[in-house]
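Asker: Chain by chain, the residues run as shown.
Number of protein chains: 2
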Amino acid sequence: MKRLAILGSTGSIGTQTLDVVRNLPEEFSVEVLAANSNVELFSRQIKEFRPKLAVLADEAAYKKLSEEKFSGTELAGGRQAFIDAAAFGDSEIVLTGMSGFAGLEPTIKAINCGKNIALANKETLVVAGELITKLAENRGVKILPVDSEHGAFFQCLQGEDRRSIKKLLLTASGGPFRGKKFDYLRNVTVKDVLAHPTWNMGKKITVDSATLVNKGLEIIEAKFLYGVEYNQIQVVVHPQSIVHSMIEFCDGSIIAQLAAPDMRLPIQYALTYPQRLPSPIKPLDFWELKSLTFEKPDAETFMGLKFAYEAGKWGGTLPCAFNAANEVAVNAFLRGRIKFLDIYGVIDDVMRRRPVKQNPTLEDLIAEDLEARRLAEEFIKEEI
Amino acid sequence: MKRLAILGSTGSIGTQTLDVVRNLPEEFSVEVLAANSNVELFSRQIKEFRPKLAVLADEAAYKKLSEEKFSGTELAGGRQAFIDAAAFGDSEIVLTGMSGFAGLEPTIKAINCGKNIALANKETLVVAGELITKLAENRGVKILPVDSEHGAFFQCLQGEDRRSIKKLLLTASGGPFRGKKFDYLRNVTVKDVLAHPTWNMGKKITVDSATLVNKGLEIIEAKFLYGVEYNQIQVVVHPQSIVHSMIEFCDGSIIAQLAAPDMRLPIQYALTYPQRLPSPIKPLDFWELKSLTFEKPDAETFMGLKFAYEAGKWGGTLPCAFNAANEVAVNAFLRGRIKFLDIYGVIDDVMRRRPVKQNPTLEDLIAEDLEARRLAEEFIKEEI
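The listed protein sequences derive, respectively, from chains F and D. Here our numbering is used: position 340 in the first sequence is 340, and no number is missing along the way. Here our numbering is used: position 66 in the second sequence is 1066, and no number is missing along the way.
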């Protein structure tokens, strides 16, 4: 039985992770649940999974939760308690299902305690790829990718030598606006953006999918997970989201991973690895599937890819600035403060203005994150 | 440097194998070349690859070859010399590139001498699957598949546990007559049949592709190579021949192997396994590839699949009878003695008439092969 800590348990990844646990009750025990502020759902999760520790990062939400009694579960609240939850007790795998830069500190804490990471929080690797991969290597900790694309790479690499990788073929659905141009994108609404064609996800990542910033973040994530160069990562638009990614090897052979678009599969694989166990995922029926299509991404219109390659190639603190600017811009878009295409404007402005510091420490990154956010806010207030 | 014996060196697989060797001169030495009767090509191969032993199975061809001088190469001729070539000297891998039942004895001989088999002669496993797999297991010998489909399964299984296999998805181009019905097939010519849309292969296998008997043989081959049940093997028509086969695992995940249709890739992988090395295969370009399509095979019209499942499920000597009847029928078709659809008639008649003997010995199989051929000839002479 593997002992799990699930951070971000009330989010999209968190609830699907608990569904995986529910389907394989003999395999897992939930030691820790941690979330932000959804008291009602969190309370139900505690009752069902009976963790030893349950933490809400939001103080007010924690106060409300404390009014209930949960026998056998220690409660805690606040940002520091959330970070400490990553290190709690004897959990073996910490699943990082929270979104954004906030995932960095708990992830580092868990690695420092020698816990394997089931990584759903891609921003961690984007912002601090070098730092995290070095730390994980030093502590002998496994980074198990939960993203469907990186989970696909991970599966395709089993039994292979990483030095044989020629190219990572990172597939992208293309998002809800595939084929559209600036004149259309200028006036799209939040509602348009949140109608993703193939994946049902959290709001932030759904916006990132529409801008292709999500694919950009995944490029940087892939670079650090698999130690390749940026020119070895090629994005391929594949609207059906059946092929979750592919690896081309030096002999010209390509290994691909396919499945119905259901996040429970990469989550389960990360948690049961190196085993595979039965799952409730609907099998693909190739007699009915008809056609899988592939095309070149429109990188002129969807500038998320361009920013990511640029941030990644400069390295140092620039991916952190890229990510921070994007987080602020997406938030502003979701609140109706800026338009869809302004997201690119914010990122572009912040990336131009931030000097790049190489080999950043955690403190450098926290400072960079703050400063990039400040600049992004300033740009939104003054220019838009 | 791996030492190779290449049986069937002048055929389609043999010449492509020598091309692989030519591209990786540091990796391989050719210890043995053996072919049937193509003196001119064989003579050139001996001069280029300087094997220790060179054998022609055809006595007359051998006599003609003996008129030339080859320094450092011992020459031999005749059927027995061909079989013995499989056991010669210190070759580590014997590539079985000959076609048909004739591959069985040399393969058994090589396994008995503890040599790994790069298996291109699928009839060997079809006819004697149980016998061969047991023998290989007892002798600690690897069977490395050279067929593009079984090579794909082999690649997809690296790093995986065979017990996690749920289904083998065996892809088929569908052959030159995909979508056609009996009224069309009744009058197709040898020339129509030999115009295969995606693969350039030997004549016998090209006819087998058109009848789907080839795919049927591959079903039986897959059953023995990967120890699955017949109901775990699903044929999927995929006209582009880019996905060379796929494996569905118990968690619903599918691993697929893709490449340009070029036999040198599975040949090279079998020979360099477990390594991958650079190859001259044209890489796939997913930005240009557009679409991969999949459909259900028309098993009512193309009865090769039905015969194979039936032969496989009965087991014992029946796959041997199936294969013998097919070899005779294909030969008769290529010589213009029977029509295309008569191939099914011959197979059907022979399979109906042969009693099934379980757990056959090599002698049983040789006898079964002879008797099934006799019946097939009889049917062709008397009924067609």
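No lab work stands behind these hints, which were simulated from the structure alone. Incorrect hints may appear among the rest.
[To be verified] Within a straight-line C-alpha distance of at most 25 angstroms, the following computed SDA-like cross-link-like pairs (lysine to any residue) qualify: (1) Lys1166(D) with Met1201(D); (2) Lys306(F) with Lys1296(D); (3) Lys1282(D) with Glu229(F); (4) Lys167(F) with Thr1293(D); (5) Lys1306(D) with Gly1227(D); (6) Lys290(F) with Lys1181(D); (7) Lys1296(D) with Leu284(F); (8) Lys290(F) with Glu1137(D); (9) Lys282(F) with Lys1181(D); (10) Lys166(F) with Gly1179(D).
Asker: Can you name, in rising order, the numbers of the hints this structure does not satisfy?
Answerer: 1, 2, 8, 9, 10
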